[in-house]
Amino acid sequence: MSPEARQQMRDILRTALKTAVLPGATPDAPGGYHRTDAEPADLLARFTTELETVGGAVHVPPAIDADHVAALIADIAGDTASRHALLWDDAHLPVPGVANALVARGFVISRQEADAGPGPARDALATATVGVTGADAMLAETGSLVLVSGPGRGRLASLLPPIHVALVERTRLVRSLPDLLLTRPDLAEAGSNLICITGPSRTADIEHTLSRGVHGPGEVHVILV
Amino acid sequence: MTTPAPQPFHQRTEAALADAHLNQTLRRVTARVLDSRTAGLERLPASDDWRDHARRIRAHTLAHLDRYLDEFVTNVEARGGHVHYARTAEDAVTYVTDLARARGLTKAVKSKSMISEEIHLNDHLERAGLQVVETDLGEWVVQLAQDHPSHVIMPIIHKSASDVADLFRRTLGATDEEVADVPAMTKLARARLRPEFLSADLGISGVNFGVAGTGTLCICTNEGNGRLVTTLPRVHVAMMGIERLVPDIPSLGTVLQVLARSATGQNLTVYTNLLTGPRRPDEFDGPEELHVVLVDNGRSTVLGSTEAEILYCIRCGACLNVCPVYQQIGGHAYGSVYPGPVGAVLTPALWGQDEWTDLPHASSLCGACREVCPVRIDIPRMLLTLRAKGVDEGRAPSWIGQGLAMFRRVAARPWLFGAAGRAAAFGTRLLASRGWIRRLPGPLAGWTASRDFPVMAGDSFQDRWKKRQTGKPGGPQS
Ligand code: SF4
Numbered sequence: 416m417s418p419e420a421r422q423q424m425r426d427i428l429r430t431a432l433k434t435a436v437l438p439g440a441t442p443d444a445p446g447g448y449h450r451t452d453a454e455p456a457d458l459l460a461r462f463t464t465e466l467e468t469v470g471g472a473v474h475v476p477p478a479i480d481a482d483h484v485a486a487l488i489a490d491i492a493g494d495t496a497s498r499h500a501l502l503w504d505d506a507h508l509p510v511p512g513v514a515n516a517l518v519a520r521g522f523v524i525s526r527q528e529a530d531a532g533p534g535p536a537r538d539a540l541a542t543a544t545v546g547v548t549g550a551d552a553m554l555a556e557t558g559s560l561v562l563v564s565g566p567g568r569g570r571l572a573s574l575l576p577p578i579h580v581a582l583v584e585r586t587r588l589v590r591s592l593p594d595l596l597l598t599r600p601d602l603a604e605a606g607s608n609l610i611c612i613t614g615p616s617r618t619a620d621i622e623h624t625l626s627r628g629v630h631g632p633g634e635v636h637v638i639l640v
Numbered sequence: 032m033t034t035p036a037p038q039p040f041h042q043r044t045e046a047a048l049a050d051a052h053l054n055q056t057l058r059r060v061t062a063r064v065l066d067s068r069t070a071g072l073e074r075l076p077a078s079d080d081w082r083d084h085a086r087r088i089r090a091h092t093l094a095h096l097d098r099y100l101d102e103f104v105t106n107v108e109a110r111g112g113h114v115h116y117a118r119t120a121e122d123a124v125t126y127v128t129d130l131a132r133a134r135g136l137t138k139a140v141k142s143k144s145m146i147s148e149e150i151h152l153n154d155h156l157e158r159a160g161l162q163v164v165e166t167d168l169g170e171w172v173v174q175l176a177q178d179h180p181s182h183v184i185m186p187i188i189h190k191s192a193s194d195v196a197d198l199f200r201r202t203l204g205a206t207d208e209e210v211a212d213v214p215a216m217t218k219l220a221r222a223r224l225r226p227e228f229l230s231a232d233l234g235i236s237g238v239n240f241g242v243a244g245t246g247t248l249c250i251c252t253n254e255g256n257g258r259l260v261t262t263l264p265r266v267h268v269a270m271m272g273i274e275r276l277v278p279d280i281p282s283l284g285t286v287l288q289v290l291a292r293s294a295t296g297q298n299l300t301v302y303t304n305l306l307t308g309p310r311r312p313d314e315f316d317g318p319e320e321l322h323v324v325l326v327d328n329g330r331s332t333v334l335g336s337t338e339a340e341i342l343y344c345i346r347c348g349a350c351l352n353v354c355p356v357y358q359q360i361g362g363h364a365y366g367s368v369y370p371g372p373v374g375a376v377l378t379p380a381l382w383g384q385d386e387w388t389d390l391p392h393a394s395s396l397c398g399a400c401r402e403v404c405p406v407r408i409d410i411p412r413m414l415l416t417l418r419a420k421g422v423d424e425g426r427a428p429s430w431i432g433q434g435l436a437m438f439r440r441v442a443a444r445p446w447l448f449g450a451a452g453r454a455a456a457f458g459t460r461l462l463a464s465r466g467w468i469r470r471l472p473g474p475l476a477g478w479t480a481s482r483d484f485p486v487m488a489g490d491s492f493q494d495r496w497k498k499r500q501t502g503k504p505g506g507p508q509s
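The listed protein sequences derive, respectively, from chains A and B. Just so we're aligned: the first sequence equals residues 416 to 640 in this note's numbering. Just so we're aligned: the second sequence equals residues 32 to 509 in this note's numbering.
FYI, nobody ran anything at the bench for these hints, they're computed from the structure. Heads up, some of the hints might be wrong.
Label pairs and their in silico Cβ distance ranges [said to hold, decoys possible]: (1) A/I491 to B/D197: 34 to 40 Å; (2) A/D457 to B/L48: 51 to 57 Å; (3) B/N54 to A/D452: 40 to 46 Å.
Facing chain A, a subset of chain B residues (Cβ under 10 Å, in silico) [to be verified]: (4) T56; (5) R63; (6) I88; (7) A215; (8) G255; (9) T295; (10) E340.
Given the structure is predicted, the values throughout are model-derived calculations rather than measurements. Every residue gets a Cβ at the ideal spot worked out from N, C-alpha and C, and that includes glycine.
Chain A extracted, bound-state conformation (with noise of 0.2 Å):
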């Protein structure tokens, strides 16, 4: 924006400020509300619930491995024809190994490279049928995921496909999405995005009538390591 654009703006504004009536303003910025009562005393149990009611699903392998993982995401994936997964590099799973185990499922593995746009490239991520990614925290109280882009770890993978798995240690749960903001502001531009999903892709545009899946995953689901 140009100094002289800008100029005009403030000047714009603080013209009108003169006489705007604005009730209940303050001179100091409030911040963000600090929140009194008590965390949940089991925040996994609150996470699993509120992840449910949103209609997402969170499973416990039997043993934390690529395998027993990979199993899982089988399993998840259901019929063999489809088993193709987009996955986030080796480096931003917090399971090693995940990718080979899946090959060994039958699985084709797709990673992201530097999107070029439009073409060929792009068109055979968006076939893939299960997108594995980690996550930089869970919100208790919503069921959420958070999820900050960076390198090895594309917003294409929780997007595109139809299926959504997020491989996630349980140190990372927290209570809400203020909570979050309120002690960790830094996550919202360590990436030029940080997404916050809550349950499957959802659309209640006719009739107020509940659809799933419409453009991003119509299923969420969470593998707790």
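Model the placement of chain B with the ligand on the given structure of chain A, informed by the hints.
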């Protein structure tokens, strides 16, 4: 270039009231959403305190809007984005169409944005040769039907499922199977719109909140189209009202805590999307270019007025759902992109009362809107101020002006007032059946268009007062 009021308000209202199908749909859906809202807020401990705090954040931000906008511009630019301040609607659309031309863009996918409705962005882009595809399910339906949204959150609240099925059959050649039920139609939308996302070179979104301290944009959607629109096309243009700021990320957390609960009763929308600048050099996806268009289009005028409080609005739509007038007439009757109680204040405040004199009268002043508003905007206060301004400036609807003038002449002469009362009582007895009149004659017919009129008492209040005085020597008692 605001939206001109089409037919007179009362004509639009009559048409809406006569539409039984619309009335039924509206009542059913608004009742359901209101129940969800109540449940959503009940699940939040101390929800009243959250709301008070959210109001404080909005009030403080507006009171320092010059400073926060400046900070916002600095931070968006520091992250590699571009910002344009558009004083008018023309200015905003010109910026976007010029950008599209300069970059050789041909196809735009859009997520829901009230502000682009406000400035008729689609029309201008299409005239500039771009293909524009609305991707929010409701907005897509509106586009296919060449209709207008009738609610800020639920654009096709005025359409039933079978209306949509007919539309898909007619405009998309959908089979009966593809429109069998709502999930089938949802699947159809996914299949038809996915190729558009993958091939578009321009993504246009609205903005729920901008964060001054970081230059972050927050976009709340349920369908996921908002994410696709802001991730796949190489240019992202975000259309944002100048008032939609919060100071910092923690404040954003607070307003988000009450937004979705008030709007649909959800704890959060499915996707709460925070965008800080375009794709970074080491990232794999996201737009190469980000442009934020700050749209004024009358907002700075509202800021300088007694109606500035309406700018606290976070567009949750709760006041529409709860409003008995909206529930009866729906969004289209208001004739503005912003219907319902918020629109009845915002529309005339933004674009002048000359064209929108009627809207502040489209309310029974019951106060339900103030009760449900997550940021406790005193809408009834502003409706009254606007009505008073309208009357003072001689712009009250003509029926009010003429009626008041006649009343003044009659009431100033006691003998005439008494005679008029007796004549009216006699007249109403002639017109009535079982104590009620369905249709008053002449210019009075307007009153009975939407209500019945009772037969007037045979003896007037003055007559009875006199009788009472004489019958009770001790004078009136209570
Ligand atoms: S005025 Fe209040 S209730 Fe109405 S849409 Fe705005 S924030 Fe919601």
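Going through the hints against the structure:
1. A/I491 to B/D197: 34 to 40 Å: Holds, since A/I491 and B/D197 (Cβ atoms, about 37 Å apart) stay within the stated range.
2. A/D457 to B/L48: 51 to 57 Å: Cβ of A/D457 to Cβ of B/L48: about 52 Å, so the range 51 to 57 Å holds.
3. B/N54 to A/D452: 40 to 46 Å: 42 Å, holds
4. T56: With a minimum Cβ separation of about 7 Å from chain A (threshold 10 Å), the hint on B/T56 holds.
5. R63: OK, holds: B/R63 within 10 Å of chain A, min 5 Å.
6. I88: This interface hint holds because 5 Å falls under the 10 Å limit.
7. A215: This hint holds: B/A215 lies near chain A, its Cβ roughly 9 Å from the closest one there, short of 10 Å.
8. G255: Hint on B/G255: holds, closest Cβ of chain A at ~3 Å, below 10 Å.
9. T295: 7 Å, holds
10. E340: 6 Å, holds
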